[in-house]
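Engineer: Protein sequences appear in the order of chains H and X.
Under this note's numbering, the first residue of the first sequence carries the number 1, and numbering increases by one thereafter.
Under this note's numbering, the first residue of the second sequence carries the number 1, and numbering increases by one thereafter.
Calculated from the structure, these hints are not laboratory results.
In this text the structure is predicted, and so the values were computed from the model without any measurement.
We treat Cβ as the ideally placed atom computed from N, Cα and C, and that holds for glycine.
There are no misleading hints in this set.
Only part of the chain X face toward chain H is listed, based on derived beta-carbon distances under 10 Å:
| id | residue |
| --- | --- |
| 1 | Q40 |
| 2 | G51 |
| 3 | L52 |
| 4 | E58 |
| 5 | T61 |
| 6 | V145 |
| 7 | L147 |
Simulated restraints, written as ranges between beta carbons of each label pair:
| id | chain 1 | residue 1 | chain 2 | residue 2 | range |
| --- | --- | --- | --- | --- | --- |
| 8 | H | L538 | X | T114 | 55 to 65 Å |
| 9 | X | E32 | H | P558 | 26 to 36 Å |
| 10 | H | K724 | X | A38 | 33 to 43 Å |
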Amino acid sequence: MDDLTREFLLESQEGLDRMERCLTDLEARPGDTELLAEIFRAVHTIKGTTGFLGFGRLEALSHAGENLLGLLRDGSLAANPEIVSGLLALMDNLRGILRSIEATSAEGESRLEDREMIARLEALQSGSATAAEADMLAAVASPHAHPAAPRKGRSQQPGSRRPGTSRPRSPLPQKVSPPPARPVDSTAGEAGPHAAIGAASAALEEGPQQAPPSAEEAAPLAMRPTVDHADPPPAEAPPACSGGTADSTLRVDVELLNRMMNLVGELVLTRNQILQATSADAGFALLGRRLDMVTADLRESVMRARMQPVSHVFSRFPRLVRDLARGLGKRVHLELEGQETELDKSLLEAIRDPLTHAIRNAIDHGIESPEQRIASGKLAEGLLRLRACHEGSHVIVEVHDDGAGMNIERIRGKAVERQLVSPARADQMGEREILQLIFLPGFSTASSVTSVSGRGVGMDVVRTNVEKIGGKVEIDSRTGQGTVLRLRIPLTLAIIPALIVRSCSQNFAVPQSSLTELAHLSAGESDSRIEWLESAALYRLRGRLLPLIFLDRLLRQPARQRSQPCDIAVLNADGRRFGLVVDGLADPEEIVVKPLAAVLREIGYYAGATILGNGEMALILNPGAIALNAGLGLTSDVDEAQADESRNAQQNYLLVEADGRRAALPLETVVRIERIPRSRIERAGSRPVLRFDGALLPLDDAACAVAGDDPDAQTTVVVCCDGKRQVGMTVAQVLDVAAGRQLEEAGSAAVANGITLLQEHVTGIVSLAAIPSLDGLADFVQANPEFPAEAE
Amino acid sequence: MTNENSAQQSRQVCSVRVGDTLYGVPIAHVLEILGKPATQSVPLAPHFVGGLVHYRGEVLTAVSLRRLLGMEDSSSPEDVLVFETPEGPFGLFVDSVGEVMQVSDADHEPNPATLESRRQALFAGAWKLTDQLLVTLEPERLEPVRLAASLAG
Chain H
1 MDDLTREFLL ESQEGLDRME RCLTDLEARP GDTELLAEIF RAVHTIKGTT GFLGFGRLEA
61 LSHAGENLLG LLRDGSLAAN PEIVSGLLAL MDNLRGILRS IEATSAEGES RLEDREMIAR
121 LEALQSGSAT AAEADMLAAV ASPHAHPAAP RKGRSQQPGS RRPGTSRPRS PLPQKVSPPP
181 ARPVDSTAGE AGPHAAIGAA SAALEEGPQQ APPSAEEAAP LAMRPTVDHA DPPPAEAPPA
241 CSGGTADSTL RVDVELLNRM MNLVGELVLT RNQILQATSA DAGFALLGRR LDMVTADLRE
301 SVMRARMQPV SHVFSRFPRL VRDLARGLGK RVHLELEGQE TELDKSLLEA IRDPLTHAIR
361 NAIDHGIESP EQRIASGKLA EGLLRLRACH EGSHVIVEVH DDGAGMNIER IRGKAVERQL
421 VSPARADQMG EREILQLIFL PGFSTASSVT SVSGRGVGMD VVRTNVEKIG GKVEIDSRTG
481 QGTVLRLRIP LTLAIIPALI VRSCSQNFAV PQSSLTELAH LSAGESDSRI EWLESAALYR
541 LRGRLLPLIF LDRLLRQPAR QRSQPCDIAV LNADGRRFGL VVDGLADPEE IVVKPLAAVL
601 REIGYYAGAT ILGNGEMALI LNPGAIALNA GLGLTSDVDE AQADESRNAQ QNYLLVEADG
661 RRAALPLETV VRIERIPRSR IERAGSRPVL RFDGALLPLD DAACAVAGDD PDAQTTVVVC
721 CDGKRQVGMT VAQVLDVAAG RQLEEAGSAA VANGITLLQE HVTGIVSLAA IPSLDGLADF
781 VQANPEFPAE AE
Chain X
1 MTNENSAQQS RQVCSVRVGD TLYGVPIAHV LEILGKPATQ SVPLAPHFVG GLVHYRGEVL
61 TAVSLRRLLG MEDSSSPEDV LVFETPEGPF GLFVDSVGEV MQVSDADHEP NPATLESRRQ
121 ALFAGAWKLT DQLLVTLEPE RLEPVRLAAS LAG
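Excised from the complex, chain H in its bound form (with noise of 0.2 Å):
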């Protein structure tokens, strides 16, 4: 395929996807000029390239859709749903043929196909107006009508004369032979002549009865090109065509991108071997220093890339949401939230189809009929919002419906019938257990089979996929008031921290996002804390019992000695809780996922590999795939998020004391707490910072550590998470986790910001923002090239 069809089909797919987006709109505002401008412009261009590349059915359709626009967007015609699923149909023809295009070069024959599609078309167009009422209706709606009027004057222009010359012709049902006209294109060069010819020459038998419109809508169709091209007036350029950015973005593919994300990640980690090599010397510092800085940077900048708004996905659901409504003769509204959320690209793709799941089952089974909403004094018209925001770490997507909501008893017969779960079982499940039924694979409620869902697939699916890509699904239904179901995506793949932990001297690293809390169990305790019910370990936590596995047995690795100490580290695997016994814990880092082969992946229980900051691999554990294995259920998980809610209410806060001060600090924002010698702590200028994991940590000396005599003297740091930067704080002592009640003035009720009730005092809570960033600093280096020998 040379290059010139390659970015046809590129441009119309991107024509094509706007188009959609715009027909969907146009039937909530038919009057819209803007949109049939859009939606014109985007036939329009195919028409006109394909005229030239020699493409006949795409010209033979899309010249009918053009004539069918036009006759809209003179105003001649309303667009009704009729209309707009006509228009789907022929974007749908369309996109079939681009993409046998795409696979064989050729358009493919399918003649009938289009012909059916071109009477469709002209069907439409005669069907709603007459001559006369079209006349009439054009005076009438003449004010909107205008973006095209002005246009006719302006591209008047010497280049265009032939396009004029058609205009009497276009409506004939007659043969123009493309030949005559070649010489034309080659001497105008510009895109407009061959639309103009295209236009003529592939206008195929019209009524008579239409001629009046059609000569109408034939002069500012002919002239468009060159408007588009030669003149584009910026007023009439819609918010959704951004033709401002084409200048400054570029196409690139997306190979090279992942090809640059792995060279990163290479990066990355030759910089922390350099950075472990070289810290005991201070000369290597500050180069250490900066190449931490511009790694860092580059690999921000090289994810960016990689980065595509959500609205790419969210873009296809209005058509979706239509079409299935229409179908299941429902009423929809969708609304869209946060489309500008951006998203790591092939993360993007993985949650196409979970979506596209997700809001069928909200439409089939979700809302229900507009008999039903009325009767339950609800509107006719139901609503479906999809939602997609940061949070953390994490961008959650929600597809949220306000319809009937699940109904727990039916899940729950349903489950008990399909043999999902035992009867007694059931009897004990809990309602928000119940809800998660419905991702068991096999399991659906729909009481019959339709067309959209209701065959048992869907949930579980969608369940796979999210979990696929390392995100996690929540279900959250309310009986008469709907039904909200969250994915929760991780906002890239390829870099993931994790906390490295060791077991018989080989290194495992273990995500952090299924990290909840580690305990360390020193030789004595590891006897006597971990209990068995018969060949089953477990640790009281908090006063529950934790089932535990071992790593080494998991793996059958040699079996480790009794009494020897070992760390717990507890983790969620989609709410399977369970305790990962192991030898010991390296430090926590940032590592790169690297695909393992096939005959490894097979094992399950791995993720990947890695290579550490020391150079050596780690295996990267798949902690939901150790929990399935080991059998582990979602029992414990119901007691647990009822606890998790109530606490939710409060904030915990980290108590700790400083200056002979109590504070706190929101719990959620600390990362971790670190005994180190004072001598660790540098000073960048006048500012204290401390060299953590690599990076450089701008440091609140609240505890006055850098000013003790004593080097060697230990302090402690609490290093907190603010936003996307993590900071210290030096402190003399950490006191406790308390939860924190809110404190309201008396009088107003306005809640004090800046202080909370901790353990029945009030406290002062710090603010991680208030510690001075790093920025300058590079500068400030370069301007005290001894600033290295200065820091002790």
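Dock chain X against the given chain H, drawing on the hints supplied.
Structural biologist: This is chain X only, laid out in the frame that chain H set:
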């Protein structure tokens, strides 16, 4: 190919040693030779997988020739040959990599019928050197996916 042609065909073969036997791999198949790299064993992996090797930013699965032949694991670090396949590269652990030899196809003979069946599948005949035999290894026969399939079947 006629006899006459093949008689003139000579190729370069990388010689590797495992135990007491000398093996030869046509050099065209060898992507790279890694000298005693750090390795990482994979618990629960199929027996023939010797471990993982860091190779140009990727984590390479390496097959152990010793394990394939049912021999004891070597006590000293091993060399790794890197082979390219359509599914990506893989490695082969050998005791040591020797010199590159020039062999002629005329000196090549198929596996003897008396060879044990397991080795029949792994070896692709041998070249007759003046003083010893050089067992022919074809990387295709050693691909992890293929080995896994042949072991399962």
